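Colleague: Sequence:
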Amino acid sequence: MAGKTTGSKAAKAAAETLDSKDTGDKSKTAAGSALSQVDAPEKSTHPKAATAASKTLTDGRTAEDSKSAAGSALSQAKSKK
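The sequence shown begins at 40 in our numbering and counts up by one.
Note that these hints are calculated values from the structure, not bench results.
For clarity, every value in this text was computed on a predicted model and none was experimentally measured.
We treat Cβ as the ideally placed atom computed from N, Cα and C, and that holds for glycine.
Accuracy of the hints is not assured; some may be wrong.
Said to hold, decoys possible - Here are the in silico distance ranges between beta carbons for each label pair:
#1 Ser118 <-> Lys60: 16 to 26 angstroms
#2 Arg100 <-> Pro80: 30 to 40 angstroms
#3 Lys119 <-> Gly42: 13 to 23 angstroms
Could you put together the complete structure from these sequences and hints?
Modeller: Structure (structure tokens):
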């Protein structure tokens, strides 16, 4: 999805998600994807990372930082249409 990048607020949330010892694998996958897309409009979220991001957003136990990073990653995924 050319043109979209991870903003500074979501990048900070992604970094904090990756640093947390209590964060699950799906959240870390989504956060890593979001962080890799800072200043990289040519990149898009891999389908597996998009699935992880979706599951992160729907998990009631997920922290706000993880949700922010997951939302950023998901917004940069290519549409299945």
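Colleague: Are the hints correct? Go through all of them and say.
Modeller: Hint-by-hint comparison with the structure:
1. Ser118 and Lys60 have their C-beta atoms about 34 angstroms apart, which leaves the hinted 16 to 26 angstroms range violated.
2. Separation of Arg100 from Pro80 is about 32 angstroms and conforms to the stated range, judged on CB atoms against 30 to 40 angstroms.
3. With their beta carbons about 19 angstroms apart, Lys119 and Gly42 fall inside the hinted range of 13 to 23 angstroms.
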